[in-house]
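Undergrad: Chain by chain, the residues:
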Amino acid sequence: MAIQSPNPVVRLRDVHKAYGSGAGRTPVLRGVSLEVQSGEVVALVGQSGSGKSTLLNIVGGLDDADSGGVEVLGVDYAVARDAALSRLRNERIGFVFQFFNLLDHMDCLANVILPASFARETRGGPRGAIERGRAVLDRVGLTELAHRRPSELSGGQKQRVAIARALFHSPELLLCDEPTGNLDTDTGREVIELFTDINRKDGVTLLIVTHEERVSSTAGRVIRISDGCILDGDGQAEARAEERSA
Amino acid sequence: MMSPGRLARLVGHNAIRNRRHFALSAFGIVVGIAAFIFFLALSMGVRGWVLELFPIDQVEVIAPRTSLIGSLGMESQADLNDAVAAKIREHDGVRAVVPRMSIAFPALGVWWYQDTKLKFDVVGDGINPTYLADEPQGALFRDYEAEEKGKPAVQCGPAPKLFCPDLNYCDTRNNTCHHRVPMLVSRKLVEIYNTQFAKSRGLPVIGAMEEFIVQRGGLSKMRLHLDLGATMIEATTSTLRGPPRRIEGVLLGISDKAIPIGVTVPIGYVERWNREYLGDEAASTYSSIVVQLDGKDQVGPFASWVEKQLGLRLQDSQGQQFATVIFVVTLFFLLISFCIVTISAINIAHNFFMQVSERRREIGLLRALGASQADIRGVFLGEAALIGLVAGVVGMGAAVATGTAVNLLARQFLPDLPFQPASFFAFEWWILAGGLVFSVLFCLLGGFLPARKAARMAPAQALAQQ
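Taken in order, these protein sequences are the chains called W and C.
Position in the first sequence counted from 1, then plus 8, gives you my numbering.
Position in the second sequence counted from 1, then plus 500, gives you my numbering.
This is chain W alone, in the form it adopts within the complex (with noise of 0.2 Å):
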């Protein structure tokens, strides 16, 4: 169990979430309350559709919950707007995804400092935001890459553009989705130890969603969902989450 602190980096509580209406309405998250302090890497792992994904999505900004309260990096997103939100994405919040979602028109390089054309201000204009680029882009290895396509690299050199991103603004929290998930088993472990790496040089939070045992073995704290509850160390759901339900 994590330390408990008066400001942890990801703070939900009771938070319940469904899809569809009426008699086709479906619940995915059933009372969650979770802590991450910061430094932390954090792995949720579930089955398929056990609401691990709705989690990350909801604590990055992208759904909303339908109930319970979610706060952010000290942001409270039941009071904030969408442009305080869009600004938390954009320079607090790195997201990596199983699918890289690196838009092909665009180089490495464009994709990487992508983030920039959001940014209420860069650093040193577009000269200066190359430059990051590069630099990020550095961390991951592949500066040689910077000007070829995304349709021109691997899938692990594909990701390693899309973590490069992630880190363009230097977040302090990465939710990371399944981000092996379309990797083979090298190329994988490569990716896990460059978030250890990230981890540890730059003190970055990690929320990495997976049902991966080689990625959550990594984790300094693993959350087990399941049916829209977080399991306890039993395997059981939490007590309170099911007399709440029930």
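If you're looking for bench data, these hints aren't it; they were derived computationally from the structure.
Each residue gets a CB set at the ideal place from its N, CA and C atoms; glycine is no exception.
Be a bit skeptical, because a hint or two may be false.
[What the hints assert, rightly or not] Derived coverage of chain W by chain C (criterion: at least 3 residues anywhere in the stretch with Cβ under 8 Å from a Cβ of chain C; other residues may be distant): (1) 99-111; (2) 122-129; (3) 142-151.
Dock chain C against chain W, hints included.
TA: Just chain C now, with coordinates in the frame of chain W:
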């Protein structure tokens, strides 16, 4: 909100990537804007040309028809004199007053042209030379006879054989030299000559008057005889007070201010001739008074005042009639252009809705990277505006190119007539700018709903698209 520079870069990237979609969306707008600019420029060009021929801020005051004389197609001129002209001059909104006086007695014209002796009864009038001050012939259109008064006469005649200087003629009554009477004709008269007279008699048509004068050998060869008090119609000169006499005139050129059918000379000559052949009353009664108003809006109130206060009326303005016809035709074509652009805007909306659907994942990604709803809206509206801008510029170019081609074809295939304008189009800056604004505006309108849909898309669901 993104800075304009970053937005432009992102929009530019997307435009290059989606070239085909952009071209398809822009096509209808190009056609619509080209039609809009083409027809508006055509209408403005033709309107300007027509109003140059028939200015609508210029009216002609005439005496009302009397029932008996009116039925014979003649007009009473009893009420148009200096007192009336003075009253009109004092009226609000009147900029200039120019009386016209008809040659009220018979006169016979004789002109040697292409070895053919042309004889014709002359219809003509006189106007104040100051009215033509701004025209090319203005400097030569003067009352020379009045200027010669008090100066020693230059003698001429057959015995002893004495010749007059260039552009002068010998008055055989007293063997003295006089400057030829300057004369102007209207474009309409030349047009009638070209299309009716010249054709039926195998004579050459007259194109540009200046060239025609040079071909003839200069102004000294542009002379014609005028037999005052003579006519080809028998028994119509019995009431004239003076005997027929011959004077010489010089045809200076074409003027839109000349009488439509006939010749126009400085009014001083007509006053003296009318006094000589008909008496003082004919020398002080005008056939009409041309009134230049401050603007076309003044025409209505002025017409009402003329009718009620002076018992006179305005000559029907052809310019007004033409302007109305042109306005209606322009409106019709603009309506067509408007329909084309509207349909194109709907097409753009349709294309953009498809784009929003196809680019869901990209929209989700941009949102994840920090794009706000306003940024996403801006990207899509920016793309729509770019389509509008490019389509507007291409449409503008297409309209100007088509207009130039039409002008070239007209110059090549239409006969070189005096009525033909240099260009049928007036590509004014405000028409081009209006076309561009119109284009961008309609594209923005077409892109508005898709942009709103894209902005409101839930990022997580957008990212989940396979």
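Undergrad: Test coverage of the stretch 142-151 of chain W by chain C using CB-CB distances below 8 Å; three residues minimum.
TA: With 0 residues close enough to chain C, the hint is violated.
Undergrad: Taking 8 Å as the Cβ threshold, is the statement that the stretch 122-129 of chain W is covered by chain C upheld or broken by the three-residue rule?
TA: holds (count 6)
Undergrad: For the stretch 99-111 of chain W, does the count of residues with a C-beta closer than 8 Å to a C-beta of chain C reach 3?
TA: It holds, with 5 qualifying residues against the three required.
In the structure shown, a violation is registered for the earlier hint numbered 3 alone.
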